[in-house]
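**Q** In case you want the letters, here they are:
Protein chains: 2
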Amino acid sequence: MEQRTELSTIGEFGLINRIAAKFPITQPETMKGIGDDAAVIDAKGKKVVVSTDLLIEGVHFDLIYTPLLHLGYKAVAVNVSDIAAMNAIPKQITVSLGLSNRFSVEAIEELYEGMRLACEAYQIDLIGGDTSSSRSGLVISVTALGLGEEATLAYRNKAQANDIICVTGDLGAAYLGLQALEREKQVFLANPAMQPELQDKDYVVGRQLKPEARMDIIHELNALSIVPTAMIDVSDGLASELLHICQQSNIGGVIFEDKIPIDDQTYLTATEMNLSPMTAALNGGEDYELLFTVQQSDYEKIKNMTDVSIIGYMTHDVELAHLMMKSGSLVKLTAPGYVHF
Amino acid sequence: MEQRTELSTIGEFGLINRIAAKFPITQPETMKGIGDDAAVIDAKGKKVVVSTDLLIEGVHFDLIYTPLLHLGYKAVAVNVSDIAAMNAIPKQITVSLGLSNRFSVEAIEELYEGMRLACEAYQIDLIGGDTSSSRSGLVISVTALGLGEEATLAYRNKAQANDIICVTGDLGAAYLGLQALEREKQVFLANPAMQPELQDKDYVVGRQLKPEARMDIIHELNALSIVPTAMIDVSDGLASELLHICQQSNIGGVIFEDKIPIDDQTYLTATEMNLSPMTAALNGGEDYELLFTVQQSDYEKIKNMTDVSIIGYMTHDVELAHLMMKSGSLVKLTAPGYVHF
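Quick note, the sequences are listed as chains A and B, same order.
Per the numbering used here, residue 2 is the first one in the first sequence, and the count goes up by one each step.
Per the numbering used here, residue 2 is the first one in the second sequence, and the count goes up by one each step.
Source of the hints: derived by calculation from the structure; they are not laboratory data.
A quick note: this is a predicted structure, and the numbers were derived from the prediction, not measured.
Honestly, I wouldn't trust all of these hints.
Copies of the same chain are indistinguishable here, so a pair counts whether it falls within one copy or spans any two.
[Stated by the list, open to error] Think about it this way: if two alpha-carbon atoms lie no more than 30 Å apart in a straight line, the pair counts; the simulated DSBU-like pairs of lysine-lysine are:
no., residue 1, residue 2
1, Lys-304, Lys-45
2, Lys-47, Lys-159
3, Lys-302, Lys-186
4, Lys-23, Lys-47
Next up, chain A with everything else stripped away, as it sits in the complex (with noise of 0.2 Å):
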């Protein structure tokens, strides 16, 4: 039997002194972790890049088939991915949680082992954070922090006409695995018994419970000397993502859709459960790739890299985004994006 260990009977200082041992500080950048007012950072002479995410249970999760250890290692990465899309490298990270009394001391480390396991990945310290109790639901607030140089800092608004549209990986992976997820807690909640018939969906739900962050892709782009003229993570759908390109910077763009990376099981998932891949690539959110576009003087550099698609390019449109159809019709594009309320 598991053990189950009560968070009343070591408290909120016994968590805390048990999370600090298992976080040491790893980072030069580093100079004072947990146990102050306020941790201390030596920004060397960069830029600081912050960003944070907020992650409610039964809104941005579901604990019935989300594992502790993978939603403490994506509520890590999410974070990483919009240092990322700076073009900046990620440093730091500050951790609140708010607990229910369901949580035992066991699930809150495993979810911490989750957070362990990015921060060794990306190279980053947790340095901070707070918990306390929560009425309802487990309540997840990250925050990140990044360095970056001025002069790569990569932003969304300086995308000029005829640049390049680069994205990452594959899209709508993420949405179709949350899909399959959520039709086999339906299955689940109705019959208990039933195993669940996810031997094919490795790829899209691996994709929807455990993203990573195209650290690896700021590294490439780092050694190859490619700054991308704007960047963003593909967070609520590329459709999203590109619109905001196109309106902070003041122009347009035209994306193909026989360019649009989608990945084999995607197509097939999408079309076992009568969905679009199209629609899921576009709107489908949380692939945390990285949409970013480039001079067209990168071209040659940009074609050799394996994870990148050249998707389209950037017009004189003023804030209009298309996707020019296999048909060769040109739709214009709309951000239905995620609505979180």
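With chain A's structure known, arrange chain B on it following the hints.
**A** Frame of chain A, contents of chain B only:
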């Protein structure tokens, strides 16, 4: 009749745009605020100080007696207090909110107006955040960033034996304000026609609902060239905070009962409610005053500061804090503190 606009009518992006319009960038260190994947800060060669707090309805605040304007102000002030306790200057905050649909746009704007007033008072920029729905109560996560010089940052672990122990303002009022509000809440719940009896509780109630971070003291210490050897803000009660300094500095401390600053209204309220004013000061919490230690050589400067009380001195004891009673007996301090679980 008050206007009530449903959040769903303006959506997440609509809300973000409304908020961003009210929080223009004012600090030269803020390079990019709301509107990109992350905010960007120029540390200007200083060290970056980071603190975060999570406030959950029903745990940290009760909306029955907490006006949203004050709640917004307090959420910022308590984070600024942590930056102050590092002897640093606050510069930016990020704010994430989890909102249930019982909140109208007007209510959310009232909350942000409180934050805006605090940003104005402490001269800081709101540079980012995240908003989403919450299945249950209101969730507020604030991260504060500040800047400090490496040589003058005040940690908890650098107090020395014989250092003078100082505290700002007065203690225990916030706790008694909370007790008074809780009592009125019970009266109100029993009979909603009853008028609240808080006429003579303005000070203690104000200390609970609208605490201030003591940035005035930080500026004054700086002007007097006093660098505290250790500093902490009083959020969990004087005893708990003094013990943190003793433990982290690996020495002892003794404070004198008759030197602990307690306001007259705190005494009167405590007496009326049959509570001990000294217990409120030692273990009450939420005063957000500064507890700090200075070298003996700073005594002449410190004693002329109008809102600083000298309450004791650090000793060679190891990790032990004592209270010298008026009676002459020495009592070992313990920290029941504030148990969040």
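**Q** At most 30 Å between alpha carbons: which applies to Lys-47 and Lys-159, within, between, both or neither?
**A** both (20 Å within a copy, 28 Å between copies)
**Q** Within, between, both or neither: how does the pair Lys-302, Lys-186 come out at a Cα-Cα threshold of 30 Å?
**A** neither (45 Å within a copy, 67 Å between copies)
**Q** Under a CA distance limit of 30 Å, which applies to Lys-304 and Lys-45: within one copy, between copies, both, or neither?
**A** Close neither inside one copy (34 Å) nor across copies (38 Å); limit 30 Å.
**Q** Is it within, between, both or neither when you check Lys-23 against Lys-47 at 30 Å Cα-Cα?
**A** both (28 Å within a copy, 29 Å between copies)
The structure does not agree with the numbered hints 1 and 3 stated previously, though it agrees with the rest.
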